[in-house]
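S.K.: Listed below are the residues making up each chain.
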Amino acid sequence: DAGVTQSPTHLIKTRGQQVTLRCSPISGHKSVSWYQQVLGQGPQFIFQYYEKEERGRGNFPDRFSARQFPNYSSELNVNALLLGDSALYLCASSWRHPLGSEQYFGPGTRLTVT
Amino acid sequence: TQLLEQSPQFLSIQEGENLTVYCNSSSVFSSLQWYRQEPGEGPVLLVTVVTGGEVKKLKRLTFQFGDARKDSSLHITAAQTGDTGLYLCAVLGGTSYGKLTFGQGTILTVHP
Numbered sequence: 001d002a003g004v005t006q007s008p009t010h011l012i013k014t015r016g017q018q019v020t021l022r023c024s025p026i027s028g029h030k031s032v033s034w035y036q037q038v039l040g041q042g043p044q045f046i047f048q049y050y051e052k053e054e055r056g057r058g059n060f061p062d063r064f065s066a067r068q069f070p071n072y073s074s075e076l077n078v079n080a081l082l083l084g085d086s087a088l089y090l091c092a093s094s095w096r097h098p099l100g101s102e103q104y105f106g107p108g109t110r111l112t113v114t
Numbered sequence: 001t002q003l004l005e006q007s008p009q010f011l012s013i014q015e016g017e018n019l020t021v022y023c024n025s026s027s028v029f030s031s032l033q034w035y036r037q038e039p040g041e042g043p044v045l046l047v048t049v050v051t052g053g054e055v056k057k058l059k060r061l062t063f064q065f066g067d068a069r070k071d072s073s074l075h076i077t078a079a080q081t082g083d084t085g086l087y088l089c090a091v092l093g094g095t096s097y098g099k100l101t102f103g104q105g106t107i108l109t110v111h112p
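In order, the protein sequences belong to chains A and B.
At position 51 of the first sequence (counting the first as 1) the number is 51 in the working numbering, and the numbers step up by one without a gap.
At position 16 of the second sequence (counting the first as 1) the number is 16 in the working numbering, and the numbers step up by one without a gap.
Just so you know, these hints were derived from the structure itself, not from any lab.
Think of the CB as a built atom: it goes at the ideal place given N, C-alpha and C, for glycine as much as any other residue.
Mixed in with the good hints there might be a few duds.
To be verified - A partial selection of chain A residues facing chain B, derived with a Cβ cut-off under 10 Å: (1) G40; (2) F69; (3) P70; (4) P107.
Stated by the list, open to error - For each label pair, taking beta carbons as the anchor points, the in silico distance ranges come out as: (5) B:T81 / A:E75: 20 to 26 Å; (6) A:G84 / B:Q9: 19 to 25 Å; (7) A:N77 / B:D67: 42 to 48 Å; (8) A:Q18 / B:G16: 27 to 33 Å; (9) B:E38 / A:F60: 34 to 40 Å; (10) B:N18 / A:S73: 19 to 25 Å; (11) B:S12 / A:G84: 38 to 44 Å; (12) A:E102 / B:S12: 29 to 35 Å; (13) A:L11 / B:V55: 39 to 45 Å; (14) A:P70 / B:S12: 47 to 53 Å; (15) B:P39 / A:T5: 17 to 23 Å; (16) A:G3 / B:E17: 29 to 35 Å; (17) A:D62 / B:K59: 41 to 47 Å; (18) B:S27 / A:R67: 28 to 34 Å.
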């Protein structure tokens, strides 16, 4: 079975631009979470979606938004990019609500903002 | 202030050596997880510990949860080059439902 897939793999954007990152969860998984991992640090929680509804939000500005589609795939949008948004963006899926079920991570999207 | 403090931040050892990585907090947790992340990949769950004093073994890796459920350790016996990677401890829950909170990680490099 395919694992969590994310696209694109790498992305280079300019300050002020907008970016959309995509995630496809493992088949049958209904929950998707997004994390930001800055180089040399552990991942930081951004959003969690379950059954197409936002169920959790981390300490990130409103420039960050996300949604989950009927097929449980998800998009993360970041507006007005800053240099500090350069990071690895990870998506994780679980088959039911993350509390009590293992989260499986994708390989991430490496975003570079210049 | 980090909820989970990991030490050391960096570890560089020779193949065959033993090592221990620590994850400490002032908070009590119902469970704690350890992940390994290799370059270009997402974190992969190694183990979940739930009971104070619990010891779990995964081949050459031994995980222990502190008696007070505030800290944990990961011990690797006879390290191999394939053990190289970023080791992360994490706890589930907190202020946001379903959120995993990670420590800053320990970067382990095992030299042949």
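S.K.: So, for every hint listed, does it hold in this structure?
M.R.: Hints versus structure:
no.	hint	verdict
1	G40	holds, 8 Å
2	F69	violated, 18 Å
3	P70	violated, 20 Å
4	P107	holds, 5 Å
5	B:T81 / A:E75: 20 to 26 Å	violated, 38 Å
6	A:G84 / B:Q9: 19 to 25 Å	holds, 21 Å
7	A:N77 / B:D67: 42 to 48 Å	holds, 45 Å
8	A:Q18 / B:G16: 27 to 33 Å	violated, 50 Å
9	B:E38 / A:F60: 34 to 40 Å	violated, 26 Å
10	B:N18 / A:S73: 19 to 25 Å	violated, 43 Å
11	B:S12 / A:G84: 38 to 44 Å	violated, 29 Å
12	A:E102 / B:S12: 29 to 35 Å	holds, 31 Å
13	A:L11 / B:V55: 39 to 45 Å	holds, 43 Å
14	A:P70 / B:S12: 47 to 53 Å	holds, 48 Å
15	B:P39 / A:T5: 17 to 23 Å	holds, 18 Å
16	A:G3 / B:E17: 29 to 35 Å	holds, 32 Å
17	A:D62 / B:K59: 41 to 47 Å	holds, 45 Å
18	B:S27 / A:R67: 28 to 34 Å	holds, 32 Å
Figure legend: structure checked against the earlier numbered hints; hints not met, in rising order: 2, 3, 5, 8, 9, 10 and 11.
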